[in-house]
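Participant: So you can see what is in the structure, the chains are spelled out below.
There are 2 protein chains.
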Amino acid sequence: MALKNRASIRERLLDAATDLFYREGVTVGVREICRHAGISKRTLYQKFPSKDELLAASIAEQTRSWHERFTTGSQDESTPRERILDIFAQLDEVAHSHLWIGFSTAFAVINGVGADHPARASACQAIEQLRDFFLLRAEEAGASDADLLSRQLMLIFSGASAHARVREVRSQDSPAKEIAGMLLDSAGLLSTARR
Amino acid sequence: MALKNRASIRERLLDAATDLFYREGVTVGVREICRHAGISKRTLYQKFPSKDELLAASIAEQTRSWHERFTTGSQDESTPRERILDIFAQLDEVAHSHLWIGFSTAFAVINGVGADHPARASACQAIEQLRDFFLLRAEEAGASDADLLSRQLMLIFSGASAHARVREVRSQDSPAKEIAGMLLDSAGLLSTARR
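If you read the sequences in order, they're chains A and B.
As numbered in numbering that gives the first Met the number 0, residues 0 to 194 make up the first sequence, in order.
As numbered in numbering that gives the first Met the number 0, residues 0 to 194 make up the second sequence, in order.
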């Protein structure tokens, strides 16, 4: 019971923090996070040594859910090409949900905080993990240059992430999926090719 | 003389703040900015109502320099295609300089602060301005779908901006220019076509 309570306070804190980081930005104060989670500052600092560590944990948790949802599943029936395009197809869907916080905040953190901020490591890890997913699929499909293709796809994905909250850009459909398709064509990943 | 002094204090403040936003992140404190600029807090608040306004001014100033440097010049001799590709060719050069702060911080601000943060407007304006540059060049060159092309180019540019400080990604050449070239080909902007 004690263990369960510990877990649920941590989760409640993470949920509240993620929600506020998303709505108010990463500069949101500890006091506001505590109020939103309904816990005391003392309890927060028992779970996380600092707000920066809480942000790091929030990014790690959000990108983990993201990877779980988008890079697993339908592995048997889909071609590597389909699995890659699936990610881009779902970008628009998740753009306005919390799920997006994983990557849009990851890039915000990387470009908006100092080099030794604890959340940088979470953010870089999430990006590396997605790059690895692209690389593995590209290799499976026998891409002409799997390394290059994975870097190209990562660039498109990052651009779409960066746009996630630019209202002027988001108001139109993202061209990310079409560009990704063009890059897959160019690397020789045909839509009919199965593993 | 009084006017000149006012201008130079503002500039000194903006330079110091931009330097710190770049190195320490947008969460850097007012006290540190004042120390770095060698001015008092009182003077800072005489020039800018808040740190958020200072960040907004820093982004506006940096993206203004950026646009001046990259979207003007050689207008008579270059084709629209060359002018577009020039921007991507120079991305790697500026990636580790302050010039980059304009856009990498713009995206960090858009994805990392609340919707009513004063720096959001500066950031969105810079993005719209670059999008307009791409759109005008695409129209000049008679692109098959100038609007789509400008959105595609903006996506690539944003991806490269988001990567500006991801060390793992930056350690290799950015594929942005090659993807941009592919998109220009696909929109019918041939390398030989002059205005």
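Read the hints as simulated data drawn from the structure, not as lab findings.
Certain hints may be false.
[What the hints assert, rightly or not] Partner residues aside, some chain B positions facing chain A, computed with beta carbon under 7 Å:
#	residue
1	Arg41
2	Phe106
3	Val112
4	Gly113
5	Ala120
6	Gln124
7	Ala161
8	Val165
[As the list claims (entries may be wrong)] Stretch-level coverage of chain A by chain B, calculated; a stretch enters the list once three of its residues show a Cβ under 8 Å from a Cβ in chain B:
#	region
9	105-116
10	145-156
Just so it is clear, CB atoms sit at the ideal spot from N, CA and C, and this is done for glycine as well.
Participant: Work down the list of hints and note, for each, if the structure agrees.
Facilitator: Taking the hints in turn, this is what the structure says about them:
no. : hint    : in the structure
1   : Arg41   : 23 Å, violated
2   : Phe106  : 4 Å, holds
3   : Val112  : 4 Å, holds
4   : Gly113  : 4 Å, holds
5   : Ala120  : 11 Å, violated
6   : Gln124  : 9 Å, violated
7   : Ala161  : 4 Å, holds
8   : Val165  : 6 Å, holds
9   : 105-116 : holds (count 10)
10  : 145-156 : holds (count 7)
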